[in-house]
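Asker: Sequence:
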Amino acid sequence: MQNRYVFILIATLLVLDALVINCSIFLLQYFNLAKQSGIDFQFETLIIVNLTWFISSLFNKPYHHSNVQSIKSICLRGVKTFITQVALLILASLLFSNLHFLAENMVTILLIEFSALALIRLSIYLSETYYFNFDSYKKKIAIIGHNDISLKLEQYFLKNRLSYDFSGSYEDCSEANANNGETLSDLKNTIKFALENNLDEVYTTLFPENNKGVDELLAIAEQNCVRVKFATTIKNYQNQEETLLNNYKLSNFYDGIPILVARHEPLNLIWNRVIKRSFDIVFSLGVIVFILSWLFPIIIILILLESPGSPIFSQLRSGRNNEAFWCFKFRSMQINADSNNVQATKGDKRITKIGAFLRKTSLDEFPQFFNVLIGNMSIVGPRPHMLKHTEEYRQIIDQYMVRHYLKPGITGWAQVNGHRGETKEHKQMLARVEHDVWYMENWSLAKDIEIVYKTVANVARGEENAY
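Using this note's numbering, read the sequence shown as starting at 1 and increasing by one per residue.
Rather than coming from a laboratory, the hints here were simulated on the basis of the structure.
Only a predicted model underlies this, so the values are computations on that prediction, with no experimental measurement involved.
Any given hint could be a false lead.
[Unchecked claim] For lysine-lysine, the following BS3-like pairs were computed, each having C-alpha atoms within a straight-line distance of at most 30 Å:
1. Lys192 x Lys152
2. Lys140 x Lys192
3. Lys454 x Lys424
4. Lys249 x Lys139
5. Lys139 x Lys159
6. Lys159 x Lys140
7. Lys138 x Lys152
8. Lys388 x Lys329
9. Lys329 x Lys424
10. Lys80 x Lys192
11. Lys152 x Lys139
12. Lys329 x Lys229
13. Lys249 x Lys229
14. Lys140 x Lys152
15. Lys61 x Lys139
Could you put together the complete structure from these sequences and hints?
Answerer: Here it is as structure tokens:
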């Protein structure tokens, strides 16, 4: 699995390598080092040098996520790719006699190219070692159990150190399981261990179909925003594939080890996260530049004319992985002591006249486009709740905390399906949670666009529950 840093590192390497490979040829011309000159020379040389680097990269895979996990691996793959390119260039100059310009200038081109490639990798090493701490990008994980699977899994995590912060294996053999020597108490204790050590994921070699009570323990883990993943053998997976996939999803293979998860999450894939984040940035910038740039001062003046106090209301809300963040809104109420505890209700006397209009039209939510730009919210996602309400609902609603696997949104699948406004009954919040979890398991860019369209249409029609 790639995290954001690995993705950025690969993209940076790819772009910089392409730049220096092409710039080496122009530098040759600029400093009059080439034995031939002219547009034809540049064009033909560019094609040959780029083509040989591309073919060499296909063989050596210098940009594969498993080959950028250490500076040693990055350098070794870079050297192998460069050596293969040199061999391909020599072969091309021998096979094609009309490429004499290549033979005459090859040494100079390759010296410039190699120096630049080495400088890039030195810069990455210095950045990692002295200037930047990338630990926040890593998933903090632990393994429960001690057997052949766990040992192989441990080696995988240690190899992929830029993606995972491996906290070690955890084992409690007080109640041995007859199937594989592991215990259900292991998982219970590991969840407790996960909370105490801020782990993101727990991998267990307990085979879910052979252990009663795993569903209960999964619920406990999800209630605390801890993902539990099951590692098994190919043989076990193949023998029970149909049964397993009725209740679990195949997430990936880690060095040949099947990894099973309780639910499908499209946004676990780095490309999907890039697509969603790109949509968020473009859309929020568009709203801020073309709408809020003139609407913002107007609304602020109207709020201040009716009631004193800050026109912007900021409140701590529950965000992704249950991390609190400051959520911004236009203030729609009189300043009051209950704003952090009591939800707005129909006919709420705290709401001002301009506030009622802002709420009815959802304009009070527009400052959250700045939250989206900052990165602690998304355009589409589960609506963020007050910290007090999060603590209350997590105790009484199954899967409530699963919705916190995603960034909260300005609008969401629950809202466009009529589940917004005051929640007087338990079933109302339950319906919201079910819609939020469904959205998480079925995300697509098309679905986000559909939700935005429905939100605008609902606001234009006027929503009964918007108050």
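Asker: Would you mind marking each hint as holding or not holding in the structure?
Answerer: Outcome of the hint check:
no.	hint	verdict
1	Lys192 x Lys152	holds (24 Å)
2	Lys140 x Lys192	holds (15 Å)
3	Lys454 x Lys424	holds (25 Å)
4	Lys249 x Lys139	holds (20 Å)
5	Lys139 x Lys159	holds (14 Å)
6	Lys159 x Lys140	holds (15 Å)
7	Lys138 x Lys152	holds (20 Å)
8	Lys388 x Lys329	holds (18 Å)
9	Lys329 x Lys424	holds (23 Å)
10	Lys80 x Lys192	violated (46 Å)
11	Lys152 x Lys139	holds (18 Å)
12	Lys329 x Lys229	violated (38 Å)
13	Lys249 x Lys229	holds (10 Å)
14	Lys140 x Lys152	holds (18 Å)
15	Lys61 x Lys139	holds (24 Å)
Checked against the numbered hints above, the structure violates hints 10, 12; every other hint is satisfied.
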